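Chain A is already provided as a structure; the job is to place chains B and C on it using the hints.
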Amino acid sequence: MSKPKFKNPVVNWIDYRLPIFTFMNHELNEYPTPKNLNYFWNFGSLAGITLVIMIVTGIVLSMNYTAHIDYAFDSVERIMRDVNHGWLLRYIHMNGASFFFIVVYIHIFRGLYYGSYKAPREILWILGVLILLLMMATAFMGYVLPWGQMSFWGATVITNLFSAIPLVGESIVTWLWGGFSVDNPTLNRFFSLHFVLPFVIVGVVILHLVALHRFGSNNPIGIDVKGKQDTIPFHPYYTIKDLFGLSVFATIFAAAVFFFPNFMGHPDNYIPANPMVTPAHIVPEWYFLPFYAILRAIPDKLGGVLFMFGAIMVLFVLPWLDRSSVRSSQFRPLYKLFFWFLVIDCIALGYLGAMPAEGIYVVLSRLATAYYFFHFLIILPLLPKIESTRPLPVSISTPIITASSNASTVMAMREKK
Amino acid sequence: MTNKNTPDDKNKRDFLQVSTYALGAVGAASFVWPLINQMNPAADTLALASTEVDLEQLEEGQAITVTWRGKPVFIRHRTKEEIASAKDQLLDGLRDPQTDEERVQNEKYIVLVGVCTHLGCVPLGQKSGDVKGEYGGWFCPCHGSHYDHSGRIRKGPAPTNLEIPQYSFLSDTLIKIG
Amino acid sequence: MRFSKLVLYFLILFNFSLSKLALSAGKAIEYPDKNWSFSSIFGTFDKASAQRGFQVYKEVCAGCHGMRLISYRNLAALGYNQDELKAIASQFEITDGPNDDGEFFTRPGRPSDKFASPYPNKKAAIAANGGAYPPDLSLIIKARSNGANYLHALLSGYVEPPKDMKVPEGMYYNKFYSGNLIAMPQPLYEDGIEYLDGTKASPDQMAIDVTTFLAWASEPELEERKKLGVTVILFLIVFSILSYFTMRQIWAPIKNKN
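If you read the sequences in order, they're chains A, B and C. All the letters of the first sequence, read from the start, carry residue numbers 1 to 417 under this note's numbering. All the letters of the second sequence, read from the start, carry residue numbers 418 to 595 under this note's numbering. All the letters of the third sequence, read from the start, carry residue numbers 596 to 853 under this note's numbering.
Chain A on its own, in the form it takes in the complex:
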């Protein structure tokens, strides 16, 4: 690994003293990447770009926003009506939150399907779960800022979760509020935290990338890179692929921003917050619905909160729950089946989270919640004991790399034997 010589003498001069160009060349240009990544590997970079879009639009929105209960709602409406391009910036930011979660959820399920959390990428995975937690906190506090009815009552309900903590619960909630209900001090601190947390996310994302670049990307086959013949440089192959992915993503995103900007929102949030009247149906944003369903499924206050947080905590220990040495579910027929059961279960939880907590919905929520934990705590540890995995290819470049390569991979394997 000799130092690259740059054509530009100024770049060379700087790089000798501050090797930033060597670093970028190494990590973004020649960075060896498995050559068989499919489109699901686009979602990492998409998440990164969405984070940047959120930060940039967020900063300019904050220039026009007033964090005070008497002015917050009107200042947001002023952004929508009077500030130049204000409606565009706000709708990008508002829908961007939803798209950020869409992209990150797909990214997570890709990791689950291809076993990207397994050794030696456990810390990479844990940092990812940490990012998800930070995103949830940021999104929740951001939703409070317009100070509409859903903002207010969402803030009230979620902060009240902490009152379930024995002994100190009430004091913690009072401390969070800075008063005896969600009020101006609460709005102020939420604005401050909503502004700063994204930069914390950036920090964790950088660690996520450092951890990623330690061993490189996992790949659809899930076996380790065996040598140079298995990889290609990141640039131009994956930069252009990411650019294409970005352009398709941007098209869908733009369709939402320009033509259905309020589809994923709730009409009640266009009513100014009123601490005296709770809306008839209070529903969190769609990306919280599965967790909300788990919260309501448990008939005990503390239990509900514990299970809800447990649903994320279980992801932290996932690398130690699934001990199968085979990563990709392409070679784990049983795991693949259960993976799809989990996907269905999560979507079911999301649906149930939006339904009223009564009758059949309660029963179904409990079943779906039980299955969620059953998957992680029982099925995953047991699977390696009963599952017969399919034979793994020798290397990434041995089989022909095409999209429908499953059959031919196995064929190639059998011939070798």
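The hints are simulated quantities; they were obtained by calculation from the structure and are not laboratory data. One or more hints might be untrue.
To be verified - The calculated lysine to any residue pairs, modelled on SDA-like cross-linking and capped at a C-alpha distance of 25 Å, are:
1. B:K488 to C:R702
2. C:K629 to A:F263
3. C:K821 to B:M456
4. B:K504 to B:T534
5. A:K7 to A:P19
6. C:K852 to A:E30
7. C:K709 to B:N457
8. B:K593 to C:K821
9. C:K709 to B:T534
10. C:K850 to A:T278
11. C:K821 to B:F448
12. B:K593 to C:A711
13. C:K821 to A:E30
14. B:K504 to B:P514
15. C:K770 to A:A280
16. C:K681 to B:A459
17. C:K681 to B:P514
18. C:K709 to B:P458
19. C:K770 to A:T278
20. C:K709 to C:I721
21. C:K629 to C:L817
22. C:K821 to B:A445
23. C:K709 to B:E469
24. C:K821 to A:A254
25. C:K822 to A:G216
26. C:K850 to A:K7
27. C:K821 to A:F259
28. B:K544 to C:D696
29. C:K850 to A:V248
30. C:K821 to A:G58
31. B:K593 to C:D678
32. C:K822 to B:P458
33. C:K850 to B:T462
34. C:K822 to A:M264
Since this is a predicted model, take the numbers as computed values, not measurements.
Chains B and C only, in chain A's frame:
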């Protein structure tokens, strides 16, 4: 792509790639524009009400300061001597040559934006006890610009005369600024 | 690839359930769909209708309902010129102040003023309306699910109550209101106002017009948004196609080697 080294093929490739990157750059740049433009004055700021001022109570030799678009506006009911001195001033040697007639609508009243054209301080000279500078009009304490009875720059670092806001007389003593 | 297809199915299913959610979040009451000029993807506001709607608002609704987020200058978007705006604004009395004597005073409105409020504050509004707050109408279409159809239905929903139903004093029966009892008396009557443009003022016409006006007030950016959206999406589609072929080209040597 069987023979990728023919010049024709290479041109085609370059054209496709260059147009993709060019279009990408155009897209990124047009996304930047709303981010910049949001800092320009918003529609409500631009539509901000004009200010009406009743000058009936303003005696000769007195001045008042009113707020317009967040800035002070100086209105001075000039004495005969002040008017004469402003009118008699020759244009030769003025840094920003303007006659007094160009700067007033009714010679009794001079209406000025009270912001020094140097670096934006508010000049002294409105109150009777203020330092009015060597030319008797206004004096900016920040960097020593002297203005005469017509608000013209006479000495000091300011490059131009004090600005005249857009205004009109609704009656003899009622003016509307903006 | 099978994975991607399955994901696609799930996304479709997910979307489907989302749209069902949006419906179930609303009431069980179904509102007649009026096919608004502004509801389709390329739809715009019917300006003449919105101008009439402003007249309905001014002469019927404004007695109780404020529109605190709208300024008279905003009406330029409905096709009024500057002189007309000044004339409209000056019909209203605006409380301003304090003046140099520390007093509040009233003066004729200017285009830069927000719509005059019928009540000095919310408490006064509640007190004057027997405990029911007449909601501000600036965002009413956005603040109700299926807002335009809802409002139109509500305004047309005053019918005779069922015989076995007792309507309490100060309440009115409305077949489209949740719970059927509403504190707002029927606002629109045949020829209740005289339209400036000579249109026949039937209750349905007035309901359509005022809904169009209020839909504009809720989303004044709608036309600009859709217009810009078409440009942006066309641009992005072209860019997607170009970047796809560039990608194919760059990847060709890798794909060919295999």
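Exercise. Hey, K850 of chain C versus V248 of chain A, does the alpha-carbon distance stay inside 25 Å?
Worked result: The given pair, whose Cα atoms are some 22 Å apart, holds under the 25 Å limit.
For this session: With a cut-off of 25 Å on the C-alpha distance, tell me whether K709 of chain C and T534 of chain B pass.
Result: Roughly 34 Å separates the two Cα atoms, so the pair is violated.
Problem set entry | Pair hint outcome, K488 of chain B versus R702 of chain C [Cα-Cα no greater than 25 Å] | 24 Å, holds
For this session: Decide if the proposed pair is consistent with the structure: K593 of chain B and D678 of chain C, CA atoms, cutoff 25 Å inclusive.
Result: 17 Å, holds
Exercise. Is K7 of chain A within 25 Å of P19 of chain A, Cα to Cα?
Worked result: Since the Cα atoms of K7 of chain A and P19 of chain A sit roughly 15 Å apart, the hinted pair holds (cutoff 25 Å).
For this session: Starting from K709 of chain C, check that the Cα of E469 of chain B is at most 25 Å away, please.
Result: 19 Å, holds
Exercise. Holds or violated: are the alpha carbons of K770 of chain C and T278 of chain A at most 25 Å from each other?
Worked result: 24 Å, holds
Exercise. Taken at face value, is the distance from the CA of A459 of chain B to the CA of K681 of chain C at most 25 Å?
Worked result: Given pair K681 of chain C, A459 of chain B holds - Cα atoms ~20 Å apart, limit 25 Å.
Problem set entry | Pairwise hint evaluation, K7 of chain A against K850 of chain C, where the allowed Cα distance is 25 Å at most | Judged against 25 Å, a Cα distance of about 30 Å means the pair is violated.
Exercise. Does K770 of chain C pair with A280 of chain A here, judged by a C-alpha cut-off of 25 Å?
Worked result: Distance of about 19 Å is within 25 Å: holds.
For this session: Mind checking the alpha carbons of K822 of chain C and G216 of chain A for me, to see if they're no more than 25 Å apart?
Result: Judged against 25 Å, a Cα distance of about 44 Å means the pair is violated.
Problem set entry | Proposed proximity, A254 of chain A with K821 of chain C (alpha carbon, max 25 Å) | 11 Å, holds
When held up to the earlier numbered hints, the structure conflicts with 8, 9, 10, 13, 17, 25, 26, 33 and fits the remainder.
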